[in-house]
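Chemist: Spelled out from the first residue to the last, the chains are:
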Amino acid sequence: MSLLVDLAFQLVQMTVVLLIAPLLTGLVRKVKARLTRRRGASIFQPYIDLYRLARKEAVVADSASPLFRVFPYVIFAVTWVAAALVPTFATGLLFSWSADLIAIVALLGAGRFFLALAGMDVGTAFGGLGASREAMFATLAEPAMLITVFSLALIAGSTQLSTVAAFMASSAVGLRVTLAMGLVALVMVALAENGRIPIDNPATHLELTMVHEAMVLEYSGRHLALIEMAAMLKLALYLSLIACVFAPWTLAISDTGVFDRFTGGSLYLIKMTIGCVALGVFETSIAKMRVFRVPDFLGAALMLGFLGALLLFVSRTLK
Amino acid sequence: MSALAALMSLDAALLSLGVIAGFLIAWRVSANAFVYGAAFALSLGAFVVASWALLFAAPPQSLTLPIGLPWIGAHFRLDALSAFFIALIGLGSAAASFYAIGYGRHERSPGRVLPFYPVFLGAMGLVPLADDAYAFLVLWEFMSLASWALVMAHHERPENARAGYVYILMASFGTMMLLFAFGVLAGSEGSYQFSEMRAASPSLAVATTALVLALIGTGSKAGLAPLHVWLPLAHPAAPSHVSGLMSGVMTKVAVYAFARVAFDLLGPADWRWSVPVLVVGGASGLLGVMHALMETDLKRSLAYSTIENLGLIFLGLGLGLAFKADGMNEAAALAMTAALMHALNHMLFKSLLFFGVGATLTATGARDMGKLGGLMNRMPATGLFMLFGAAAISALPPLNGFVSEWLILQAVLLGPAFPQWTLKLLAPTVGAAIALTAALAAACFVRFYGISFLGRPRSKEAAEAHEVDRFSLTTMGALAALCLIAGILPGFVIDALKPVMLFAVGGTMPTQSTIAWLSIAPIAASRSSYNGLLVMIFMLATSALVAFIIHRLASDALRRAPAWDCGFPEPSPQTQYTGQSFSQPIRRVFGGFAFRAHEIVKAPTPGDMAPARFIVRGDDLVWRAIYLPIERGISALASRLNALQFLTIRQYLSVVFAALVVLLLVLAGAA
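Chain order of the listed sequences is A and B.
For what it's worth, the working numbering labels the leading residue of the first sequence as 263, then goes sequentially.
For what it's worth, the working numbering labels the leading residue of the second sequence as 1250, then goes sequentially.
Hints are computed from structural coordinates only; laboratory data are not their basis.
Just so it is clear, CB atoms sit at the ideal spot from N, CA and C, and this is done for glycine as well.
Some clues are possibly wrong.
As the list claims (entries may be wrong) - Straight-line C-alpha distance at most 20 Å; calculated EDC-like pairs for lysine to aspartate or glutamate:
1) B:K1673 / B:D1546
2) A:K318 / B:D1805
3) B:K1709 / B:D1617
4) B:K1747 / B:E1405
5) B:K1709 / A:D324
6) B:K1709 / B:D1575
Claimed, not checked - Using C-beta positions, here's what the derived DEER-type ranges look like:
7) A:T535 / B:D1857: 39 to 49 Å
8) B:C1815 / A:A303: 42 to 52 Å
9) B:L1794 / A:A303: 24 to 34 Å
10) B:R1866 / A:V274: 55 to 65 Å
11) A:D558 / B:V1524: 23 to 33 Å
12) A:Q307 / B:R1808: 41 to 51 Å
To be verified - Over the 10 Å line for every Cβ pair with chain B, so calculated as not near, a few chain A residues:
13) F271
14) A320
15) V321
16) L402
17) V446
18) R523
19) L529
20) I532
21) M534
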């Protein structure tokens, strides 16, 4: 019986991230539009876009390989699975033990691996450009994220995200320099991974600075819808991840009642809204970087994460 | 018949198969299918016997043959550690042999390959069985020389001849270091049997010297930095199935040799031993993957990636040594299990990738990325299997590469428990190095696969490529399947490694196969767990669900059209990214200090019609800082000693007399 309830909650969480992801993207766009004194599209516009794309005929380039049509499904599945493993409003997901934080990082890495390959598949200059730059960003962003995960795992004594969140919500954690460094590093990585300003501009097209858009240039119709959806899921994932690790209060810890889960759910929405507004404000207040400034930015994230972890390794005995 | 006797007869049969092959070729009989088929059967037999010995935890067996040095004989022994490595070698050899039944048909000079191939396999299979220093070194040399002959198979190409030269130099150097290591361990009594070395308790200084010598000796075979220079020359020079064997299997024999010395023969470990191992492992990982990212020759790129993976394996072994020295046996078991699993996984995917490049070579005659592209359309099966290999080596879940890297990271996370400050600081550094290496490896294999198998063909040969024979495809398919199986059911591998851990570090990881849902949990389920099977089912279910929903409810219409490319499609495939341009951003970020790479843009002055030039300069620091001075030193010394060639008889006699006096003085001093 309890297995069924857990399974139901797992499915609810999976559906929640899937449903909420376009809304978050729409919200960020709305905030950015309002801040630049435009009215902006409705926050529900991404749903409409996705629906429109999904119904369109898919155009596939002549030189595309059979994998071209498979990659979008793989990218979507990998991202969704990763997102489903991050607690949104309650911990103790049924399948949370099937992949820990390191595995979530690796799943996101898999998504990027296949996206870069998808960009190279048709054999156009833009696709290769995007893939090459994405690969360069990833070589710094992924280790930075992994090192931050190390710090979290050492503080909480576990790499399981549910355990980490439960530990962070308890009073045992206190203020730590490492956590502050980890938060900054994680936010920097999140900006890079989601292709936000100052790393990449999600709104540009036909610009030599684009990265993500360059890779998906040849996609259309349902394939494009899936890739866009995966990108939105990724944003939701990072926002949920930061919220669940650094602001885990009101997260319903496992074995609590339905009511707690309900409060957790509504507060989750509030947390996500705050995150989106913050992202929108940040993006409007900063300019995009040159591509070769990005390694400095991400290198700083890597160093912060590393210093945080080093502090932790060194300070454990002093406690 | 005992398992040990069975294994020895199988290997002896392999050695004699080499002789038979020689005769067959002398008689001009087509020997290809027979030799490779027999090698396949014998290797598979060795795999089965060794796995049986490992899984059923057969007690150690020994055997003495009256060959070799007259008063010693040759000792052989089968225990858990050797059983694991023999199983690994057997599986890798069987795969390579089966692949070669098809691939070997394209060999232009089979007489240079067929006689040495079975000898190489037999020698590799025998090294882990050797139980005294003499037998070990003889078999080790056999392995080196047989592989050298295979590297020289196509010696008419000057770069292969050079590769063979560098290889034989480095291999001899490595064997010499191992000889010294065993010499130090044997002591003045000259107890060359491993059982005597095990029983002796050498002083810390002696043991440390032996460990460093063994690290140099085995590291030169495993391709650890800075002794790696021969590897990217020699491995690609051999025929592809032999390249796969050298990278996937022979390097593991070096891992075995190091593990045998460090975890068995030396006795109780000292924590300081782990420091050089960790430093060398981390350096090899980073250096190897950087080089792999810059290389445009597919086989050389794979060879550099072998250096990277061996670095990871030695990192695991180093952590295992450190944990063992500090009495944390469970943690040591975790680190060493990770290392050995990575050894197995690396054998699987590296063999697969080399076989795939071999298939590419058969189909197009090219192994330079700049001449390939779009092979997925022409060779879909090879392309699909290669995608599995590329994803596995990039440590993507749910494939096998991820599991072993995940386990190594779990071992790193136990680092704060080290009592020594050096190790405490080294542990997060190792973690960062692994993270960086893994990320760079993923970039490397996006490039490797994307440039050669995706995109548009860059040459006529690539455009007219054809799928390869069924033997090759079957082997690649089987290896790809094994990569997946080892990734989703790692618990069984971990459990199979238990007797090895008990033998090597005196502790084991918790039993995995009893954990619900076939998860793996290296320490405790509350701390960390991973379930590749569930992740895979999850991924398959979600993608199938989405595909079904979209195709049913939205649209499944599809139209083929020319590439859009922002409205200005350029028909020439030259406009695609190449191997060099793909890695250019990474070279700019990391290459500055890794290779002292710098780019020079020479733009003509306005009005000048000369073309602009873009020049990239780089430097292999290891080669320049270590090998060139040695080479210069040897040449200088040789030209000085040249004078000795032109002495008179009287002068020679006085030199001999002086040498005799000096030797007598040394002897008198020692006594």
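Chemist: Next, verify each hint and record whether it holds.
Modeler: Evaluation of the provided hints:
Restraint check for K1673 of chain B and D1546 of chain B: the C-alpha separation of about 40 Å exceeds 20 Å, so the hint is violated. With a CA separation close to 9 Å, the supplied pair K318 of chain A and D1805 of chain B stays within the 20 Å bound. Between K1709 of chain B and D1617 of chain B the CA atoms are separated by roughly 14 Å; this keeps the pair inside 20 Å, and the hint holds. Between the alpha carbons of K1747 of chain B and E1405 of chain B the distance comes to roughly 48 Å, so the proposed pair goes past 20 Å and is violated.
Of the supplied pair hints, the one linking K1709 of chain B and D324 of chain A holds, its CA atoms being roughly 18 Å apart against a limit of 20 Å. For the suggested pair K1709 of chain B and D1575 of chain B, the alpha carbons sit about 60 Å apart, so the restraint of at most 20 Å is broken. Range check, T535 of chain A to D1857 of chain B: about 59 Å between beta-carbon atoms, so the 39 to 49 Å window is missed. Here the CB-CB span from C1815 of chain B to A303 of chain A is close to 24 Å, at odds with the stated 42 to 52 Å.
Under the hint 24 to 34 Å, the C-beta atoms of L1794 of chain B and A303 of chain A, about 29 Å apart, fit the expected range. Restraint check, R1866 of chain B to V274 of chain A: a C-beta distance of roughly 58 Å satisfies the suggested window 55 to 65 Å. For D558 of chain A paired with V1524 of chain B, a C-beta distance near 32 Å keeps the hint of 23 to 33 Å intact. In this structure the hint that Q307 of chain A and R1808 of chain B lie 41 to 51 Å apart at CB is violated, the actual value being about 26 Å.
Taking the minimum C-beta to C-beta distance to chain B, about 16 Å, the non-interface status of F271 of chain A holds against the 10 Å cut. Its beta-carbon lying about 5 Å from the closest one in chain B, A320 of chain A breaks the requirement of being farther than 10 Å from that chain. Residue-level check failed: V321 of chain A sits 5 Å from the nearest beta carbon of chain B, not beyond 10 Å. For L402 of chain A, the non-interface assignment is contradicted: its Cβ lies about 7 Å from the closest Cβ of chain B, within the 10 Å cut-off.
Annotated as non-interface, V446 of chain A keeps its C-beta farther than 10 Å from every C-beta of chain B; the closest such distance is 17 Å. Listed as outside the interface, R523 of chain A is consistent with that label: its C-beta sits roughly 22 Å from the nearest C-beta of chain B, beyond the 10 Å cut-off. With 10 Å as the threshold on Cβ separation, the claim that L529 of chain A sits away from chain B holds: the shortest Cβ distance comes to roughly 26 Å. Annotated as non-interface, I532 of chain A keeps its C-beta farther than 10 Å from every C-beta of chain B; the closest such distance is 28 Å.
Distance check for M534 of chain A against chain B: the nearest CB is about 22 Å away, which clears 10 Å, and the non-interface claim stands.
Of the hints listed earlier, those the structure fails to meet are numbers 1, 4, 6, 7, 8, 12, 14, 15, 16, in rising order.
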